[in-house]
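As given, the protein sequences belong to chains A and B, one line each in that order.
When the first sequence is numbered by numbering that gives the first Met the number 0, its final residue is 338 and no position is left out of the sequence of numbers.
When the second sequence is numbered by numbering that gives the first Met the number 0, its final residue is 467 and no position is left out of the sequence of numbers.
If you are wondering where the hints come from, they were derived from the structure by calculation, not from laboratory data.
Each residue gets a CB set at the ideal place from its N, CA and C atoms; glycine is no exception.
Accuracy of the hints is not assured; some may be wrong.
Claimed, not checked - Quick list of simulated restraints, FRET-style, between CB atoms:
{"id": "1", "chain 1": "A", "residue 1": "Ala-4", "chain 2": "B", "residue 2": "Phe-177", "range": "21 to 29 Å"}
{"id": "2", "chain 1": "A", "residue 1": "Phe-265", "chain 2": "B", "residue 2": "Tyr-426", "range": "57 to 65 Å"}
{"id": "3", "chain 1": "A", "residue 1": "Gly-15", "chain 2": "B", "residue 2": "Leu-429", "range": "41 to 49 Å"}
{"id": "4", "chain 1": "A", "residue 1": "Leu-318", "chain 2": "B", "residue 2": "Phe-419", "range": "35 to 43 Å"}
{"id": "5", "chain 1": "B", "residue 1": "Glu-287", "chain 2": "A", "residue 2": "Leu-157", "range": "29 to 37 Å"}
{"id": "6", "chain 1": "A", "residue 1": "Gly-330", "chain 2": "B", "residue 2": "Val-344", "range": "52 to 60 Å"}
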Amino acid sequence: MFSFASFLDLPLIWYGLIMTAMFLYVILDGFDLGVGILFPFAPSDKCRDRMMNSIAPFWDGNETWLILGGGGLFAAFPLAYAIVMPALYIPVILMLLGLIFRGVAFEFRFKAAGKSRKIWDVAFHFGSLGAAFMQGMILGGFVQGIEVDGRSFAGNPLDWLSAFSVMTGLALVCGYALLGSTWLIMKTEDATQDWARKCAAYVLTFVAIFMGLVSLSMPFLNADIKNLWFSLPNFFMLLPMPLLSAGLLVLLWRDLSTRREYRPFFLSLGLFFMNYVGLGISMWPWLVPFAVTFRQAAAAPESQSLLLIGTVVMLPLVLAYTAFCYYIFRGKTSHEATY
Amino acid sequence: MLSNLDPVILARIQFAFTVSFHIVFPAFTIGLASWLAVVEWRYLKTGKDVYQEIYRMWVKIFAVTFGMGVVSGLVMSYQFGTNWSVFSDKAGNVLGPLLGYEVLTAFFLEASFLGVMLFGWNRVSPKMHFASTVIVAFGTLLSSFWILAANSWMQTPQGYRVGDYGLFYPTNWLEVVFNPSFPYRFAHMVLAAYLTTAFVVGGIGAYYLWRKQHVKHARVMFGMAMLMAVFVAPLQPIIGDLHGLNTLEHQPAKVAAMEGLWETQRGAPLKLFGWPDQEQEKTKYALEIPNLSSLILTHELDGEVKGLKEWSRDDRPPVAWVFWTFRIMVGIGMLMVATGVAAVVLYFRKKLFDTRWFQLWCMALTPAGFISVLAGWFVTEMGRQPYIVYEALRTSDTVSPVIGPNIALSLLAFIVTYTFVFGAGSYYILRLIGKGPGASEKAYGDHGVKAPPLVTDLGAETGGGKNV
Numbered sequence: 000m001f002s003f004a005s006f007l008d009l010p011l012i013w014y015g016l017i018m019t020a021m022f023l024y025v026i027l028d029g030f031d032l033g034v035g036i037l038f039p040f041a042p043s044d045k046c047r048d049r050m051m052n053s054i055a056p057f058w059d060g061n062e063t064w065l066i067l068g069g070g071g072l073f074a075a076f077p078l079a080y081a082i083v084m085p086a087l088y089i090p091v092i093l094m095l096l097g098l099i100f101r102g103v104a105f106e107f108r109f110k111a112a113g114k115s116r117k118i119w120d121v122a123f124h125f126g127s128l129g130a131a132f133m134q135g136m137i138l139g140g141f142v143q144g145i146e147v148d149g150r151s152f153a154g155n156p157l158d159w160l161s162a163f164s165v166m167t168g169l170a171l172v173c174g175y176a177l178l179g180s181t182w183l184i185m186k187t188e189d190a191t192q193d194w195a196r197k198c199a200a201y202v203l204t205f206v207a208i209f210m211g212l213v214s215l216s217m218p219f220l221n222a223d224i225k226n227l228w229f230s231l232p233n234f235f236m237l238l239p240m241p242l243l244s245a246g247l248l249v250l251l252w253r254d255l256s257t258r259r260e261y262r263p264f265f266l267s268l269g270l271f272f273m274n275y276v277g278l279g280i281s282m283w284p285w286l287v288p289f290a291v292t293f294r295q296a297a298a299a300p301e302s303q304s305l306l307l308i309g310t311v312v313m314l315p316l317v318l319a320y321t322a323f324c325y326y327i328f329r330g331k332t333s334h335e336a337t338y
Numbered sequence: 000m001l002s003n004l005d006p007v008i009l010a011r012i013q014f015a016f017t018v019s020f021h022i023v024f025p026a027f028t029i030g031l032a033s034w035l036a037v038v039e040w041r042y043l044k045t046g047k048d049v050y051q052e053i054y055r056m057w058v059k060i061f062a063v064t065f066g067m068g069v070v071s072g073l074v075m076s077y078q079f080g081t082n083w084s085v086f087s088d089k090a091g092n093v094l095g096p097l098l099g100y101e102v103l104t105a106f107f108l109e110a111s112f113l114g115v116m117l118f119g120w121n122r123v124s125p126k127m128h129f130a131s132t133v134i135v136a137f138g139t140l141l142s143s144f145w146i147l148a149a150n151s152w153m154q155t156p157q158g159y160r161v162g163d164y165g166l167f168y169p170t171n172w173l174e175v176v177f178n179p180s181f182p183y184r185f186a187h188m189v190l191a192a193y194l195t196t197a198f199v200v201g202g203i204g205a206y207y208l209w210r211k212q213h214v215k216h217a218r219v220m221f222g223m224a225m226l227m228a229v230f231v232a233p234l235q236p237i238i239g240d241l242h243g244l245n246t247l248e249h250q251p252a253k254v255a256a257m258e259g260l261w262e263t264q265r266g267a268p269l270k271l272f273g274w275p276d277q278e279q280e281k282t283k284y285a286l287e288i289p290n291l292s293s294l295i296l297t298h299e300l301d302g303e304v305k306g307l308k309e310w311s312r313d314d315r316p317p318v319a320w321v322f323w324t325f326r327i328m329v330g331i332g333m334l335m336v337a338t339g340v341a342a343v344v345l346y347f348r349k350k351l352f353d354t355r356w357f358q359l360w361c362m363a364l365t366p367a368g369f370i371s372v373l374a375g376w377f378v379t380e381m382g383r384q385p386y387i388v389y390e391a392l393r394t395s396d397t398v399s400p401v402i403g404p405n406i407a408l409s410l411l412a413f414i415v416t417y418t419f420v421f422g423a424g425s426y427y428i429l430r431l432i433g434k435g436p437g438a439s440e441k442a443y444g445d446h447g448v449k450a451p452p453l454v455t456d457l458g459a460e461t462g463g464g465k466n467v
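If we strip away everything but chain A, and leave its shape as in the complex, we get (with noise of 0.2 Å):
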């Protein structure tokens, strides 16, 4: 039986390619979530059709990367999997039940015509919007920990709720609002761009104070937390951190009032990936915070191995194709009826 264990940190590099998958999905579904978001509010149908054509393409693709987080916490870190899912169960499902309306939403769309179609602008909005919450929701409760006894949640079917949870829920959505609009500023043009530039001004002052207000009620929900950033000399190593998400912040401002059209949409990664990376540091090393490590959690090095054999091999792959499709994909969208 093969393991590498004896010469790689199988858990390390398993903890890390969980959280590049997570994050992979968070940027690329949180766009087209953000899309769905900023659904309703857009100035006219040909608009709504552009925005939707704008990401029917790549949802499918996007989504799959949260199967691939639940099937790759599943099968990397066992125990972790067992415990969070049944903590944060209400959420999950819910997640679950908006994923479902907002992806049929996506080819049902397409096919009814009249009025029905308007059923489905209405489940592709709030099965949005609701996603979004949930998992922002689902990310708080996540963070301020979970109770656990043995090798189970102990903790009440409620826990996961809480004003932090709300306030973390409400941030997801405006974080992926301004994903969505800075992406329809790349791939559209004329007044659906406008629009979205409109947008994505509006939620980027929202985004600015939810990033400030996660950022300072971290350090109250663990004293580990505070120590980690407020200790020296830890603050002023961790300081690029904050000054750069500023920095990032009002580059981005700055464009929205110029006609860039691509740079905002990076500019708006960035920010998602400095509050990850923020996140990560916070919650390092547990994987089911503050009761299971990352080392605990892993599942056997035969497991670990077996998995990261098809991983090397399969993830360029994947990320390549991804790429091409893209790559076809590239360009302005027009509003007309699909395939």
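Based on these hints, arrange chain B on the given structure of chain A.
Positioned in the frame of chain A, the structure of chain B alone reads:
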């Protein structure tokens, strides 16, 4: 009242409900993707528009079905954790990597190239488009490979040891993946998926023929479907028989339940119908054919077949469920074989495409594959009970620490959502079928997502514009 709800039963109902809903979509898309690849190949080869028009009609149905498959499948990938967390913890080392491979090798492949298949007509060359269809078809088969390996391991586990906390650890991956029931289950399921698609396509072809609509297209659909009925439908009972013998070797209790056989006996009769009574330990009102069960299972007239009483009451599967769903599956399989035979006879009488009763017959069998697939899965999954991993882990020991009311409410939410969403999906598919293949559509026309050089001639979004 809500607090008395049994989490195990509820979690099982919820899983059965969501997975039953889910399996319908892959059972259809596995076959449909392969068939679309054949149709597109015919189009590229012959250049005949009829193939291209059939492709364009069915790719839309494929898209709707695939979309529903993705979202209902997403639910599955989280249900292991939400409802069966103890199982996830214990079996994660063995099953996790298999599911991981499914996502890595199949899901991304399918999802990415589906985009090209649907929206890429005017963006990639016809050959690249064909390649995308083939890749998607290959992806669906790869996905079945991994998920059936995982399921088969739960049926006939091997290549593992049990360590601390009762956790399963893999000792030999080849043994895990190629466990005894896997090759049979894989072949059986892929054939089932192909037959399901064939009977849907054939049924709809028959509907058009019956109504004398889209006759040119209908002949192709109906003809191709009948080829499957003639050549593939008879293979399924053979594979099924081999699968059954494999089950007899590894899961004899399941076979005893399928046969409704309580006493171990030589020369066991085949019970055609009857009512298995779990309490009284007998099959009532049985209509029997002497010695046939022994003949089928042991290939000897007086071979010994084990009865359910060999196992203690707690170790028996729910017999009536297994017994009846097995009969539904086999019955439909027989109808499919009969369809193939009838098709051959009608073909040689040169009446295959215009026999009214046969068109009605094929229309009636349109949903047959789905029912049969579901029934078959009920046989194999219910037949594995009371174990989640056969003879190694009991289902009742693996449920999540989630309270009954929460599972009940989420079950209700799933039922409402699925009924609404998948009801609407079925409605749209029926409408697409009603519309039929549109002869007016051009081969590689304009499909919404515009190619970069065309950016300049786009109309304004607010009224007017030449694209209206």
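Status of each hint after checking the structure:
no. : hint                              : in the structure
1   : A:Ala-4 x B:Phe-177: 21 to 29 Å   : holds (25 Å)
2   : A:Phe-265 x B:Tyr-426: 57 to 65 Å : violated (41 Å)
3   : A:Gly-15 x B:Leu-429: 41 to 49 Å  : holds (48 Å)
4   : A:Leu-318 x B:Phe-419: 35 to 43 Å : holds (36 Å)
5   : B:Glu-287 x A:Leu-157: 29 to 37 Å : violated (56 Å)
6   : A:Gly-330 x B:Val-344: 52 to 60 Å : holds (56 Å)
Checked against the numbered hints given earlier, the structure breaks hints 2, 5 and satisfies all the rest.
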